[in-house]
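Now for the letters of each chain:
Protein chains: 2
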Amino acid sequence: MKVVIVGGGAGGMSTASNIRRLDKDAEITVITRDENVAYSPCAIPYVLSGKISSFDDIIMKTPEDYKEVNIDVLIKSEVTAVDSSKKTVTYENADGEKTIDYDKLVLATGGNPFVPPMEGVDLEGVFQIRNIEDGRKVQQWAKTSKSAVVTGAGLIGIEIVFALKELGLNVTLSEMMPQIVPRSLDSDMADILTGYLKMENIHVMLGEPITKLEGEDGKVKKAYFGDGSCIDADMVILATGVRPELELAKMAGCDIGRWAILVNEKMETSVEDVYALGDCVESQDLILQANTISHLGTTAVRESKTLARTITGKKSNFNPVLNAMVSKVGKLEFGAVGLTSSFAQQNNIKPIVEKVEALTRARYYPNAKPMDIKIICDCNGRIIGCQIIAEERVAERIDTMTLAITQGLSCFELSNVEFAYAPPVSMVTDPLVLAVEEVSKKFN
Amino acid sequence: MKVVIVGGGAGGMSTASNIRRLDKDAEITVITRDENVAYSPCAIPYVLSGKISSFDDIIMKTPEDYKEVNIDVLIKSEVTAVDSSKKTVTYENADGEKTIDYDKLVLATGGNPFVPPMEGVDLEGVFQIRNIEDGRKVQQWAKTSKSAVVTGAGLIGIEIVFALKELGLNVTLSEMMPQIVPRSLDSDMADILTGYLKMENIHVMLGEPITKLEGEDGKVKKAYFGDGSCIDADMVILATGVRPELELAKMAGCDIGRWAILVNEKMETSVEDVYALGDCVESQDLILQANTISHLGTTAVRESKTLARTITGKKSNFNPVLNAMVSKVGKLEFGAVGLTSSFAQQNNIKPIVEKVEALTRARYYPNAKPMDIKIICDCNGRIIGCQIIAEERVAERIDTMTLAITQGLSCFELSNVEFAYAPPVSMVTDPLVLAVEEVSKKFN
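Line by line, the protein sequences give chains G and Y. Residue 162 in UniProt numbering sits at position 162 of the first sequence, and the numbers go up by one each step. Residue 143 in UniProt numbering sits at position 143 of the second sequence, and the numbers go up by one each step.
The set of hints was computed from the structure by calculation and includes no laboratory data. Even glycine gets a Cβ: it sits at the ideal position worked out from N, Cα and C. Be aware that one or more of the hints could be misleading.
Said to hold, decoys possible - Where chain Y lies over chain G, by a calculated footprint (3+ residues, C-beta under 8 Å):
#	region
1	82-95
2	232-243
3	258-267
4	309-322
5	330-342
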């Protein structure tokens, strides 16, 4: 069986490895335009900040490592054509153009950074962060910069702006929407995070898009905002999200949904022997039971398990997603899962919400930190979302809530579940239990 | 409605508070032989070690605080008789003897420390740790001591021996069984913890009970073991467990089970208008569906919610328990939930187990620590137990596993659940997922 995988990100490389585990004999070829594979893009901000000492540290495997398990990785190679009737893929690299056959084709083409339409976006010093090479360029440019503007206050934007602040730059985070992290946090929770960023000397501009960038000698120098204000900027990072790359999928004849490639629960596209996963496909939202986009590496990794089983003739269904996420900026950890209350409302679900402030340890134990928790339920008390911010112990609580939501638990049911306790690590009544008890009272 | 509660521990005081929340008018009287109520006994070791500066810090509320919400707390008062036909309780204190009526009686009498039968147990310098007063005595005695032996390597024993070590004493932990924490950990996991304690200069004696204590001028000086060896001991702590206090329950005519008072899921005893909770009752084990004893403060607190609802005429059922626990000694956090594999075997369940070593953060992120996880499944793959040891992020993972076990999940099902990821706080495939994936392979 000849498997050709287009794309060397989390989805593509995990698929290659998972197929190899299930089938010793498959001929597996990965084609990627990038220079590096099997690195952790989520780690780029932490290399920039200096927490991780080098970009080389976040590369987990080289093409040579894959060669050892008989997986061919063609780097710096661009797939230019797919013919799903002849079952061929054509690619170009330094050696020229070549067309190869496939039995099974996997599209793991990911997404392209969205470049907002604005004057000056082509100036030197304006960056996107797609891969390690971009990371290295930003690192280099930052060395001679005094000020930076990051536009787009999603996870990557916040992590990057914090990293540049830690390098000593004067930094501004600019977001078109009236709050940061609009996809995962409600505005009251986002405000807590914004307060922390401001306390850390990050200038936060909300509700104002950048209208144009102005340069000197071809290098960016100033950013102008919708309200007419202007900020010095020796560098500008566009963290305004990614758009699924669909060109090859369209060429292959795959059905495309509202945003991305349509796949079924086996990760099959509408075209026989063509599969897809990761940032270029639509997933099903567990709560809305409607299609969504999940831009998480963890989703791609989990999809790759199902895809590898499907291709090797084994049963597996990929479950709908909740988009559980966590991040850490400076001292603060924040995470979320499920729907925000505003997103619930947009989808005609009336949210019943409660926000509590608890502690990460027994109140008399040294260094107990405040923990803000927001719980979102539907009108029957079923938990549909949770957001947490604290200096410690956020990630695993998000995992507990993800499992609770996956299992369809109500706030009443979760308030009766056991939680482990010891003074140095929790409160006698866990913050999550306090939160679900409080929201439960709204149903009396 | 006159409610009389016997016992001022976690069970008794939480019941009083929870009844007050549900019924503004109930006359509530708590009778306790102790001087303090509403303190956290789990925190005593951390006061001893100096982590928490004073015993006063761990007292959350005084009898006067309860008076403010119209709850009468009679301290230093011993209940000497219960008459469940006349519905009266008789108690004695400095003011003499008094008999009062009740409409509802709650027995929250807890347990008494078990004193192993050995010569020299009455010497000065031999302590049990029941309450704050005991804690203060131990703290005082330790100031003039050079060496200490703690017998009984359950949670309290380990936390106390570590605290005395931190005070600079030469310490020995002695356990009759061939491993430490036999109730919660399998021997392979216990060995990891034992290794850490030894590295921290704690002498650990396993499989050898203390046979006698020897003194000088009435003060303990030496401990002798079954193998004839002898260790200097200026103080000895008996941490050999507690036995439920059942005297009043028997006087009231309550049915007693194998170990403790029998209650139904509403926390009712066999005698009308007599209720019980905490260390003096039997709970149902979720997996074995048989009675067990749960000596956890968290169990008592959860039982108090059901009991308060029952007494005030509201519906609530107390669920079977899994005994989820966590502790922290020095740098190391350890936790467990459900059955150990050895306990499963004793109960005719053939355990399918796997133990993995993962990391607490992405492997390239600074200060990623090893995390040891053991998963125990039954022969159908249903998860029935989990044990975790690491320097961070154990407690909440135990909570996630508690929820998974409560929901009856198999290792196959849990391996498909979403987990949140960011390099500073987890691995891209969560340690729990790695563990359940590994154990799943044993079913192929």
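Now for the hints, and whether the structure bears them out:
1. 82-95: violated (count 0)
2. 232-243: Result for this restraint: violated, n = 0.
3. 258-267: Violated - the region 258-267 of chain G has 0 residues with a Cβ nearer than 8 Å to chain Y, which falls short of three.
4. 309-322: holds (count 3)
5. 330-342: It holds, with 3 qualifying residues against the three required.
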